[in-house]
Amino acid sequence: MKFGVVVFPGSNCDHDAFYAIGNVLDKPVEFIWHQSQELGNSDVIILPGGFAYGDYLRTGAIARFSPVMKSVEKFANGGGLVLGICNGFQILLEAGLLPGAMMRNSGLRYICRQVHIRVEQTDTPFTNAAAPGQILTIPIAHNDGNYTCEETTLAELEKNRQVIFRYTTSDGADDAAGNPNGSMGNIAGISNRERNVAGLMPHPERAVESALGSADGLVIFKSMIAALVGARKATA
Amino acid sequence: MPTASAEIKVTPEIAAEHGVTREEYARIHQILGRDPNITELGIFSVMWSEHCSYKSSKVHLKRLPTRGKLVVQGPGENAGVVDIGDGLVAAFKIESHNHPSYVEPFQGATTGVGGILRDIFTMGARPIAVLDSLRFGEIVPGPGTSEEDAAKNRRILDGVIRGVASYGNCFGVPTVGGEVSFEPCYSQNPLVNALALGIARKEEIFLAKAKGIGNPVIYVGAKTGRDGIHGASLLASAEFTEESKQKRPNVQVGDPFLEKLLLEACLEAMQTGAVVAIQDMGAAGLTCSTMEMASRGGTGIEIDLAKVPQRETGMTPYEIMLSESQERMLLVAERGREHEVLEVFKKWGLDAVVVGTVTDGGIAKVLHHGQIAAEIPAHPLAEEGPVYRRPIAQPPLRHETTADWFPFAPDGTDFTANFRRLLASPAIASKRWITEQYDTSVRTNTLAGPGASDAAVVRIKDPKTGIVKCALALATDGNGRWCQLNPRVGAMHAVAEAARNVASSGARPIAATNCLNFGSPEKPDVMWQFSEAIDGLTVACSELGTPITGGNVSFYNETLGKSIYPTPVIGILGILEDASRVLKIAFRAEGDVIVLLGSLAVGLAPGSPAGGASSVPAEFAREFSSSEYSKTIAGIVAGEPPAIDLTSEKRLIDCLVALASEGCLESSHDVSDGGIAVTLAESCFASAGLGAHVSLDKDASAEFAAFNERGARCVVSVSPIKLAAVLLTARQYGVGAREIGTVHPGSALRIEYKGSAVVESPLDSLRSIWANSLERTLASK
Numbered sequence: 000m001k002f003g004v005v006v007f008p009g010s011n012c013d014h015d016a017f018y019a020i021g022n023v024l025d026k027p028v029e030f031i032w033h034q035s036q037e038l039g040n041s042d043v044i045i046l047p048g049g050f051a052y053g054d055y056l057r058t059g060a061i062a063r064f065s066p067v068m069k070s071v072e073k074f075a076n077g078g079g080l081v082l083g084i085c086n087g088f089q090i091l092l093e094a095g096l097l098p099g100a101m102m103r104n105s106g107l108r109y110i111c112r113q114v115h116i117r118v119e120q121t122d123t124p125f126t127n128a129a130a131p132g133q134i135l136t137i138p139i140a141h142n143d144g145n146y147t148c149e150e151t152t153l154a155e156l157e158k159n160r161q162v163i164f165r166y167t168t169s170d171g172a173d174d175a176a177g178n179p180n181g182s183m184g185n186i187a188g189i190s191n192r193e194r195n196v197a198g199l200m201p202h203p204e205r206a207v208e209s210a211l212g213s214a215d216g217l218v219i220f221k222s223m224i225a226a227l228v229g230a231r232k233a234t235a
Numbered sequence: 000m001p002t003a004s005a006e007i008k009v010t011p012e013i014a015a016e017h018g019v020t021r022e023e024y025a026r027i028h029q030i031l032g033r034d035p036n037i038t039e040l041g042i043f044s045v046m047w048s049e050h051c052s053y054k055s056s057k058v059h060l061k062r063l064p065t066r067g068k069l070v071v072q073g074p075g076e077n078a079g080v081v082d083i084g085d086g087l088v089a090a091f092k093i094e095s096h097n098h099p100s101y102v103e104p105f106q107g108a109t110t111g112v113g114g115i116l117r118d119i120f121t122m123g124a125r126p127i128a129v130l131d132s133l134r135f136g137e138i139v140p141g142p143g144t145s146e147e148d149a150a151k152n153r154r155i156l157d158g159v160i161r162g163v164a165s166y167g168n169c170f171g172v173p174t175v176g177g178e179v180s181f182e183p184c185y186s187q188n189p190l191v192n193a194l195a196l197g198i199a200r201k202e203e204i205f206l207a208k209a210k211g212i213g214n215p216v217i218y219v220g221a222k223t224g225r226d227g228i229h230g231a232s233l234l235a236s237a238e239f240t241e242e243s244k245q246k247r248p249n250v251q252v253g254d255p256f257l258e259k260l261l262l263e264a265c266l267e268a269m270q271t272g273a274v275v276a277i278q279d280m281g282a283a284g285l286t287c288s289t290m291e292m293a294s295r296g297g298t299g300i301e302i303d304l305a306k307v308p309q310r311e312t313g314m315t316p317y318e319i320m321l322s323e324s325q326e327r328m329l330l331v332a333e334r335g336r337e338h339e340v341l342e343v344f345k346k347w348g349l350d351a352v353v354v355g356t357v358t359d360g361g362i363a364k365v366l367h368h369g370q371i372a373a374e375i376p377a378h379p380l381a382e383e384g385p386v387y388r389r390p391i392a393q394p395p396l397r398h399e400t401t402a403d404w405f406p407f408a409p410d411g412t413d414f415t416a417n418f419r420r421l422l423a424s425p426a427i428a429s430k431r432w433i434t435e436q437y438d439t440s441v442r443t444n445t446l447a448g449p450g451a452s453d454a455a456v457v458r459i460k461d462p463k464t465g466i467v468k469c470a471l472a473l474a475t476d477g478n479g480r481w482c483q484l485n486p487r488v489g490a491m492h493a494v495a496e497a498a499r500n501v502a503s504s505g506a507r508p509i510a511a512t513n514c515l516n517f518g519s520p521e522k523p524d525v526m527w528q529f530s531e532a533i534d535g536l537t538v539a540c541s542e543l544g545t546p547i548t549g550g551n552v553s554f555y556n557e558t559l560g561k562s563i564y565p566t567p568v569i570g571i572l573g574i575l576e577d578a579s580r581v582l583k584i585a586f587r588a589e590g591d592v593i594v595l596l597g598s599l600a601v602g603l604a605p606g607s608p609a610g611g612a613s614s615v616p617a618e619f620a621r622e623f624s625s626s627e628y629s630k631t632i633a634g635i636v637a638g639e640p641p642a643i644d645l646t647s648e649k650r651l652i653d654c655l656v657a658l659a660s661e662g663c664l665e666s667s668h669d670v671s672d673g674g675i676a677v678t679l680a681e682s683c684f685a686s687a688g689l690g691a692h693v694s695l696d697k698d699a700s701a702e703f704a705a706f707n708e709r710g711a712r713c714v715v716s717v718s719p720i721k722l723a724a725v726l727l728t729a730r731q732y733g734v735g736a737r738e739i740g741t742v743h744p745g746s747a748l749r750i751e752y753k754g755s756a757v758v759e760s761p762l763d764s765l766r767s768i769w770a771n772s773l774e775r776t777l778a779s780k
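Going line by line, the protein sequences match chains B and P. Each step along the first sequence adds one to the number in numbering that gives the first Met the number 0, with nothing skipped, and position 148 is 147. Each step along the second sequence adds one to the number in numbering that gives the first Met the number 0, with nothing skipped, and position 280 is 279.
None of these hints come from the bench; they were simulated from the model. From a predicted model like this one, the values you see are computed outputs, not experimental measurements. Treat the hints loosely; a few may be bogus.
Claimed, not checked - With a straight-line cut-off of 30 Å between C-alpha atoms, the simulated DSSO-like cross-links for lysine-lysine are:
1) B:Lys26 / P:Lys468
2) B:Lys73 / B:Lys232
3) P:Lys463 / B:Lys221
The task is simple: from the sequences and hints, build the whole structure.
Now the structure itself:
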């Protein structure tokens, strides 16, 4: 089992994802340079947070044209697990691997703080280790996390149970008070229909030790590990 | 001599326009043995500007203590470096970007952050934390501040905050702390001081010394444009006038994305072993980097400007040499291995061009299309510039009487209403609205971000293995109001408070960096303030064992002839060997005992009457008149800062460090702005719904007891079973310890004095005032 963390010019949470997987979870992990065509036999691809290509033009708009994205697309279409965190989520949206788009936060300011997200679906490779409805405390840190999409797309997302994380208050209410950035439907994270590609704005890699304020992000990494172990058993 | 700019004949008048005095011009003539050409004049003018040469401050800075067991690199390099054990070192420095931040707040602040980050990674250290020490004019109208002024100050603050956030967030370094305060004197001249901390392996520290005759000189990073020409010399080295707004083109423009690439590329290039020396291009750009590298290395240097990557066409040698375009570096590589370095920069998509060579003979020669544009002996230029012993004059003593001082209300008064006003004042109110715009958690090292502990605390992972080695704490402090009233004592307080804040987080203070913000050095009373402040810093840093490892001086902080308060800002770095022992300010559990450590009750002199307002001794009123409470409640700024006792400060610091390492404390929060009432309230606000009942009977008067700001005090909470151990340790360190109350579950704060309430309120209402005041003021533009 191996994790690959893509490094775009301007990625700045690449080291954090690497540390969470390699040091905290003690799993094999390596960096993948954005100009690489190869994914180094990775079983999971992480698109980390940051400001790829300075987020010039639009968040993720330039990064999606990096050579590595062709391979990531192929990998995803072949059923490989891909998780986009924050800027990585924005890149997945731009690349069309996930539906929708990001707008500037409704308050028009960058926000960094701990938020609460509810796990909406547990039958995905990113959430299988979570309890249904579990509330996770995980930080956000972004300027453009205001998720939006067509009404019909939203209906599709809901119908196919693709909304996997929703912002809530600490009591679990998914109302305006629990919504930090104006996201449609309090959406914090979604998956594709096949459930092998997911993106979320909060940073699970920053919530992996209680010394950092929360270890709730671990459940997402542990879910991916469990999914891979399960897949291996199934093919064995 | 044929020169590229021969067409402009340099005259003393042109020299004067460059800020070069008649005497300095004569000195230039003496060094060159001839008149300078216009490019050379430009080079001399920036190198000898106040900002770059420290010509007015040098004689005083020499007094600062700079040596210490752990100091690896003191002042004079891009940043100070201290040993933090396990083969690791910390590089850190604070710098100002005041003038640009007034002229263009967003870009001024971004490039301030960008500049200090470059200073850190130039040393080979990866930046892991930034703190910002900010001073603005009043953001709410009041005495001396019109609504128009307040609105302007809010706009400046907004631009500065967005600038700091934009740069740090994109670069990927957490902004973990600092302070923000407000005084009318900063209205036309905000202070933006940015501190950065980086980590490196001890043997991998890089210096800016050109070495090896024949080694190639490589230019890397952004292309050179016409931006920021004379930023250092004309913007930072002269006071503001009505025309200063026209200097907007002198402000540089920042690109944090480019700097992030530059960081990664530089660190990777350094790993090749082919880099001999490196220097960033900050103030005075290519001029400063070439001249200083050659001067420090005792070599010469030759560069060809035609090879410098340029953003615009038709730039003259003068413009190229003086441009302050951001995100550029100059490095010296080992001859024959330059391709290794160039390869790395190519990988990161950055310009990297060999523009010259290291030469012997000590001459810096600048060519442009084969012609000599400048030819200057590097060492005399960089090191033998003018040094001024500016006249010093103590301003006339202020004659104040008790009528000028704070009138205490009688004991028995309920001060809750005043307390609410205090909590709402921008200086005391929660800074959450500001700090949430900063990425505080990237790099996953932040153990205590803004407001969680008295200092910002980040853990240190080994750069190679990621294993956590220790934690470092950082705090910045500087009370301009106190320094205005007494610069020497005020400066000592700045050091003591920063060190106390670091110790209150559990860390042992080990080193300091300073940013000295003052008015015009050409004014004898400003130089008196400066000299006094240096003396204060010297004594305090020596006593507290925190040598100064670097920093900067920012003079000419005045507008239309009016100086800011003298504002030395001190950053102190501390080390926590056990990263799990971080102390935070939040109360932890009901029933915990609240103990006041440090100077014991401020009692009355024997025989003095106790009780009513009139009986409060005059010296109490004098010191209280310099407090935040006095300013906010009575509009009085007068008197003297509290007296300072460095022995008590040192004892308290040592005691806190010992108690933290023994794991004896549940929380720790020092007493500072707003007095013990604010300290207690903040420890409640940070907790999960806990309150406090406290009695301050032993003090001189109720109002003084709750709100005075004397130093060397810290409020800690202790679990009852550890109380005896805490009291014993305090006694061993010679630190007073007084049980003043307990942590309550009731979610109310009650502070009483001799049986009657001084402050009594449910916490929710206090918290909402404190938490929302700043947002209400700033978001409602």
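Here is what the structure says about each hint:
| no. | hint | verdict |
| --- | --- | --- |
| 1 | B:Lys26 / P:Lys468 | holds (21 Å) |
| 2 | B:Lys73 / B:Lys232 | holds (24 Å) |
| 3 | P:Lys463 / B:Lys221 | holds (25 Å) |
In the structure shown, no violation is registered for any of the earlier numbered hints.
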